[in-house]
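Protein sequence lines correspond, in order, to chains W and L.
With our numbering, the residue at position 1 of the first sequence is 1, and numbering never jumps.
With our numbering, the residue at position 223 of the second sequence is 223, and numbering never jumps.
Calculated directly from the structure, the hints in this document are not laboratory data.
For each residue, glycine too, the CB sits at the ideal point set by N, CA and C.
Where hints are given, some of them may not hold.
[As the list claims (entries may be wrong)] Here are the computed lysine to aspartate or glutamate pairs in the DMTMM-like style, where the Cα-Cα straight-line distance is at most 25 Å: (1) K157(L) with E19(W); (2) K156(L) with E82(W); (3) K2(W) with E19(W).
[Said to hold, decoys possible] Distance windows between CB atoms, simulated: (4) V56(W) with G178(L): 17 to 27 Å; (5) G28(W) with P189(L): 19 to 29 Å; (6) Q376(L) with S3(W): 41 to 51 Å; (7) S69(W) with Q376(L): 48 to 58 Å; (8) T27(W) with R381(L): 22 to 32 Å.
Take a look at the letters that make up each chain.
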Amino acid sequence: MKSFNCIGCPKGCLLCVEEENGEFTVTGNTCENGKRFAISEMTEPKRTICSTVKTVFEDAPVLPVKVSSDIPKDRIFDVMREINAVLLDKRIDRGDTVIENVLGLGVDVISTSDILNRK
Amino acid sequence: MNNFDVTVIGGGPAGLAAAIKACDEGARVLLIEREERLGGMLKQCIHDGFGLSRFGERLAGPEYVERFMDKLSEKTVDVRLLTFVTRIEKTAEGFCVVTVSRDGLERISTKTIVLATGCRERTAKQVFIHGTRPAGVFTAGTAQHFTNRLGVMPTKKCVILGSGDIGLIMARRLTLEGAKVLGVYEINPTPSGLTRNIHQCLHDYDIPLYLSHTVTRVFGADRLEAVEICEVDESYKPIESTKVRVDCDALIVSVGLIPENELAESVGVELDSHTKGPVCDCQLMTSVDGIFSCGNALHVNDLVDFVSASGELAGLSAAHYAKKAQCKVNIKIGNEFLYLVPQQLDLNADNSRVTFYFRSKAVREKSLLRLTVDGQEVFKRVYPFLRPPEMQQLVLNMDKFAVQNGSDVRFSIEVAE
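Next up, chain W with everything else stripped away, as it sits in the complex (with noise of 0.2 Å):
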């Protein structure tokens, strides 16, 4: 037995999940987010990333951004060195993709403000 809280709200409900023949079983959630969770965590446990990329702007440096949706836990790191090798040089919006289907992982990082383009 595995026992671990969700991330998925603020509740943080301590969820337990027992194995037997490649069936789960968990407990202690509250919601259904906190079984998918339950078992993505003992399958393949998934993560997103927000972090910023650098701008050429000097009125911002830096414009936030995160994953599209969630990526495998073991790639953070290795998503993170591409989101660190952007120089952003367009004025874009939020909700913009800057790195389409970052690494083949199946998500684009996009922009989560809109910094660079408010009037």
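Chain W is fixed; fit chain L onto it per the hints.
For chain L alone, kept in the frame of chain W given last:
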């Protein structure tokens, strides 16, 4: 035009929500922000998890607050940036707000004021640390500003004092950017931040958390070179024999937030010693008629969704404010509470949907919250657990409890069977 119904001071999430709501209700609204951009602290809170209850999405801080900025830009709210309020004076019609900006000094006349001034971090000087005064001692928010707004790393190898949420978030952030976080040291026997942040910010990156430990001394002439760490006993006294020196180039302190209420105090707004924010009624009006409070200036929230909700309520109340007789009843709490807001009930107002926010003083197992009016139990609820870092929200129809002038209205928490 320098004549308004509602003047909102502070352009963070609380102030934005208040201004939008007051404008929707037909008021002439002014929003004053001292920085050059709206958004408050969320501009630098680039991590996600914002807006889960309001939008059902896990948004980054800028994404959350820019949704409100977009909405505000569709309204007729007068927004003044790089403008600082220096004084509030009472007048016959309401208030005169004195501001300074690049245009100089201005006097603004307003019927009501919404204080959305947010909170401030407790600094290293406000906790007891001996030694020199080298560079390299930052609050977590300052480290966050350097990293997320300026793109400058404040440290290569650091120690974090305090396990507040911003400290935990910064532990992960600095690690992602290649810094070594040697450990998070918390003087209390339990963590100050949310459980999920302990998991996703510390456990995920193998950053150790040392409970009942504190920093007792800093070393270094120009730049920080090391800190001294001590374990503490039950009365928070450092245990001399446990002293160790840890080499690092920065000490990041995340030791609590204090609502910013200098302006409020200057006009005689009564503060609550527990929240450090104004004492408010269920419409979020302070002890000064026509002055309202919301967001982290009212009490430090752990979720921005609550901040926005309180901003909306303050904006709504301010827009509909009219001078009238009040009948205020204090809402009392047992010492099992850290605090409860709002603290008063105005019996002449509509209290059919009151939102209470509270925190327990200690970590508690299964607990029963009870509300009594003149000794009669009128409401109870069982909580599986209560933890001080996790604020609870409770919505009640207070009008149905037959509260009268002079009634004893009291919340208590006890062990549940």
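Q) Using the C-beta atoms of T27(W) and R381(L), is the stated range 22 to 32 Å upheld? A) Holds, at about 23 Å.
Q | P189(L) and G28(W) - C-beta distance against the hinted 19 to 29 Å | A | Holds, at about 23 Å.
Q. Does the structure keep K2(W) and E19(W) at a Cα separation of 25 Å or less?
A. holds, 9 Å
(Q) Given a hint of 17 to 27 Å, does the C-beta separation of V56(W) and G178(L) actually sit inside it? (A) holds, 22 Å
(Q) Looking only at beta-carbon atoms, does the pair S69(W), Q376(L) fall within the given range of 48 to 58 Å? (A) This hint holds: roughly 52 Å between Cβ atoms.
Q: Compare the distance between the alpha carbons of K157(L) and E19(W) with 25 Å, and conclude whether the hinted pair is satisfied.
A: This hinted pair is violated, its Cα atoms lying about 39 Å apart.
Q) Does the structure keep K156(L) and E82(W) at a Cα separation of 25 Å or less? A) holds, 20 Å
(Q) Does the beta carbon distance between Q376(L) and S3(W) stay inside 41 to 51 Å, or does it fall outside? (A) Taking Cβ atoms as reference, Q376(L) and S3(W) lie about 42 Å apart, which means the hint holds.
Hint 1 from the earlier list is the only one contradicted by this structure; the remaining hints agree with it.
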